[in-house]
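K.L.:
Take these sequences, add in the hints, and give me the full structure.
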Amino acid sequence: MLPIVLAGLSALIWGTADYSGGRASQRAHPLAVTVISQALGLPTLALCVILLPGTPTAADLAWGASSGLAGFFGVVLLYRALASGAMAVVAPLAAVTAAIVPIGVGLFTDSNPGMLALGGAGLAVVAIGLVSLTPQAGRPAVSPRLIVMSLVAGVFFGLLFALLGQSTEESGMWPLAAGRLTSIAVGAAILLGTRTAARLPRPALGWATVAGTLEIVANACYLAAAVRGHLSIVAAIAALYPASTVLLALAVDRERLRPVQIAGLGLAATALVLATT
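Here the sequence shown stands for residues 1 to 277, numbered as in the UniProt record's numbering.
These are calculated hints, taken from the structure and not from any lab test.
A hint or two may mislead.
[Stated by the list, open to error] So the derived label-pair ranges between C-beta atoms look like this:
hint	residue 1	residue 2	range
1	Leu151	Ala189	20 to 28 Å
2	Ala263	Val5	23 to 31 Å
3	Val186	Val252	27 to 35 Å
Quick caveat, the model's predicted, so the values are computed rather than measured.
Beta carbons: idealized from backbone N, C-alpha and C, even for Gly.
P.N.:
So, in structure tokens, the structure goes:
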């Protein structure tokens with residue numbers, strides 16, 4: 001039960017972080033937003049490590065560093081796609097592939113979680129697909145390039161889910177620290193190599209601060225869930241993060257949802273119930 005609760009919490013927080021990162025990327029370069037937001041999240045990361053220090057092995061740190069690298073490229077692509085304004089479509093599209101990758105890995109590496117739990121994981125993927133159906137006329141356009149970008153971002157997030165889930169429970173939050181430090185180092189190197197300005201206007205800086213802080217909390221919740229639960233189930237629940245992104249886009253940006261997308265949100269709640277059985 002606890003892993004599912006933690007995974008659901010991570011999804012809720014991740015969706016809010018993605019929305020904030022998307023808003024920041026509408027005002028600044030997505031690469032700069034990614035690197036700066038992650039750097040701004042370091043105090044929160046330090047707190048997580050202090051509260052759950054653990055004793056990591058070299059393998060734990062390697063898994064964490066690899067997940068951080070995958071997460072970095074996923075975030076850059078997602079923020080760039082979210083900046084288009086079609087948040088209610090981009091986030092769910094990315095989540096479809098983000099769920100499928102770790103579900104497959106989990107089925108090969110973990111024991112069978114049970115038919116009802118697997119049914120909940122499958123239902124979560126269906127829910128994500130329904131929520132991601134293309135908007136009707138008069139709403140933000142979604143180009144083939146934007147769809148591809150969203151799906152590739154999802155693959156990277158799926159790798160993050162799968163790689164971070166290989167850590168041990170005894171490692172605490174150190175794999176997350178290894179991932180974040182790797183991500184920031186790679187991002188800073190790319191900023192220098194591409195000569196991208198590493199500064200954000202004040203409105204974007206505020207959104208980036210929220211995004212970076214919440215992303216660390218979401219990652220911490222997911223890591224705590226993944227090392228205690230079945231990867232296929234935990235990752236599928238965590239991949240429901242578009243629900244909060246969509247609801248925020250609906251409430252703040254006045255994006256409208258089709259009835260079938262609302263049905264998808266309902267299926268997401270059903271998936272949570274099945275996954276806990």
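K.L.:
A separate judgement is required for each hint: does it hold in the structure or not?
P.N.:
Hints versus structure:
1. Leu151 - Ala189: 20 to 28 Å: Given about 26 Å between the Cβ atoms, the range holds.
2. Ala263 - Val5: 23 to 31 Å: holds, 24 Å
3. Val186 - Val252: 27 to 35 Å: holds, 31 Å
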